[in-house]
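Visitor: Each chain is listed here by its residues.
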Amino acid sequence: MSAEDMQRATWRMAHEIIERNHGLDDVVIIGLQTGGVPLAERLTAALAQIEGIEVPVGCVDVAFYRDDIGLRPVLPETVTDIPVELTGRTVVLVDDVLFTGRTIRAALDALGDHGRARQVQLAVMIDRGHRELPIRPDFVGKNLPTRRDEAVDVHDEGVDLGEMVK
Amino acid sequence: MSRQTAASHRHGEMRNLLAISDLGPDIAAGIEEVMTLTDSFVEVSERAIPKVPALRGRTVVSLFFEDSTRTRLSFETAAKRLSADTMNFSVGTSSVKKGESLRDTIETIEAMGVDAIVVRHASAGVPRQIAQWASSAVINAGDGWHEHPTQALLDCYTIREHLGDMRGRRIAIVGDIKHSRVARSNIAAFTALGADVTVVAPPTLLPPSLEGWPVKVSHDLDAILPELDVCYLLRMQRERMNEALIPSLREYTALFGLTDERADRLGDHTLIMHPGPMNRGVEIAAEVAERPNAVIIDQVRNGVAVRMAVLFLLLGSGTAWGGELDG
Numbered sequence: 000m001s002a003e004d005m006q007r008a009t010w011r012m013a014h015e016i017i018e019r020n021h022g023l024d025d026v027v028i029i030g031l032q033t034g035g036v037p038l039a040e041r042l043t044a045a046l047a048q049i050e051g052i053e054v055p056v057g058c059v060d061v062a063f064y065r066d067d068i069g070l071r072p073v074l075p076e077t078v079t080d081i082p083v084e085l086t087g088r089t090v091v092l093v094d095d096v097l098f099t100g101r102t103i104r105a106a107l108d109a110l111g112d113h114g115r116a117r118q119v120q121l122a123v124m125i126d127r128g129h130r131e132l133p134i135r136p137d138f139v140g141k142n143l144p145t146r147r148d149e150a151v152d153v154h155d156e157g158v159d160l161g162e163m164v165k
Numbered sequence: 000m001s002r003q004t005a006a007s008h009r010h011g012e013m014r015n016l017l018a019i020s021d022l023g024p025d026i027a028a029g030i031e032e033v034m035t036l037t038d039s040f041v042e043v044s045e046r047a048i049p050k051v052p053a054l055r056g057r058t059v060v061s062l063f064f065e066d067s068t069r070t071r072l073s074f075e076t077a078a079k080r081l082s083a084d085t086m087n088f089s090v091g092t093s094s095v096k097k098g099e100s101l102r103d104t105i106e107t108i109e110a111m112g113v114d115a116i117v118v119r120h121a122s123a124g125v126p127r128q129i130a131q132w133a134s135s136a137v138i139n140a141g142d143g144w145h146e147h148p149t150q151a152l153l154d155c156y157t158i159r160e161h162l163g164d165m166r167g168r169r170i171a172i173v174g175d176i177k178h179s180r181v182a183r184s185n186i187a188a189f190t191a192l193g194a195d196v197t198v199v200a201p202p203t204l205l206p207p208s209l210e211g212w213p214v215k216v217s218h219d220l221d222a223i224l225p226e227l228d229v230c231y232l233l234r235m236q237r238e239r240m241n242e243a244l245i246p247s248l249r250e251y252t253a254l255f256g257l258t259d260e261r262a263d264r265l266g267d268h269t270l271i272m273h274p275g276p277m278n279r280g281v282e283i284a285a286e287v288a289e290r291p292n293a294v295i296i297d298q299v300r301n302g303v304a305v306r307m308a309v310l311f312l313l314l315g316s317g318t319a320w321g322g323e324l325d326g
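Chain order of the listed sequences is A and B.
0 is the number of the first residue of the first sequence in numbering that gives the first Met the number 0; add one for each residue after it.
0 is the number of the first residue of the second sequence in numbering that gives the first Met the number 0; add one for each residue after it.
All clues stand as given, with none of them false.
Some chain A residues flagged as far from chain B (calculated, every beta-carbon gap over 10 angstroms):
hint, residue
1, M0
2, E3
3, R7
4, E15
5, N20
6, D25
7, E40
8, A44
9, P55
10, V83
11, V119
12, L132
13, V139
14, K141
15, D148
16, G161
Pulled a few chain A residues facing chain B out of the computed Cβ check, cut under 7 angstroms:
hint, residue
17, I68
18, T79
19, D112
The set of hints was computed from the structure by calculation and includes no laboratory data.
Note that CB positions come from ideal geometry on N, CA and C, so glycine has one too.
Chain A on its own, in the form it takes in the complex (with noise of 0.2 angstroms):
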């Protein structure tokens, strides 16, 4: 996938992302530190451009809500910020990724410390597949199949897949 398939697919995710909500009433984009970030932030510019409204993006960092504390290093990449108050709003949650699902499921965890939202939709760039909890994208930019040990590398200038370092 090139940055200009990315761009594209952001686009569309954008268009979708209006569609499914009839507008932009009440929605917030919400980053996953650290690749869903910088994808949060061009659906936002897309957004912008599309509707002519500026909706709030925020980020989270999921490192105190993972559920393999103590089996792994975790620890978080940065502070979470989320600018408004969740309750009422429609939240969707950016990541670049989505793989075995359980990120998603600590994301919800800790956007419910966060109030009470009405909905949460999840938009990815890449679905590769391999998922270990009942979690589904709303949104996605490329369906990706892979091999469990595959690494998936999403950056500026496209996607790429190699062997996972381990």
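The hints should help you fit chain B onto chain A, whose structure is shown.
Guide: Positioned in the frame of chain A, the structure of chain B alone reads:
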């Protein structure tokens, strides 16, 4: 990832926090790591629900052989905000009164399945001794005249919050240096971060030898006041007067107390700090503690987040450092 670079300064993981030197061969990097993690816990503490599930199912026991209000409550709040279970042990109501030995007490507590022991004791070295017996993580919450590492970490965080980088900052630690674990931990931490530390005290309240301490010594508080970035006052323990180390509390205040007149001569940015509990009217004038540049309450507030960071590093951050954080 910068966090992992910081962690890689260490050889292996931190198992206990008994002294500032336990933060690793590169103390500055170890302190920096705690500070970065503390930022996240300050954010948690500001939430409507200031609690995360990070240490669910872990048990933290506080073992206080000496009186304490803020440190014990601070650790307990920190553990609860991480969803850990807490147990309290105060000597007055325990079997220690019946003559149980320290080792038996530790073995009894450990048999109940605890993950961390927070210990305060009037004798230096007790936490280290406990660490040798116990398999759980041991955190020193103050031992005799030796160290009080979490106090130093929260002081570093408070200074960083107000003044930024500590390098080249002029810090005076004023008061009973000889009997102060806070002074020892703070000197180790402040100088590791590149601060320029002066200890100010009457000769009777300085340790017999200051050789090897990376500090300057002064007996004249008035002379150094205008150039300070931080004026750190230690509690003047009233018992010292009975030991004839100072002629009278009034004379101590006249020479080393931060009176209103002295506080006027500090820079506008100069922080006034105190580890508590304060003797208002002795080492610090009652009104001085209320000045805008007195950050004593900030120290207490930051103490909870810093202790959350220490508990999380010891109990929650994983069994090995430096692995890939993916998702």
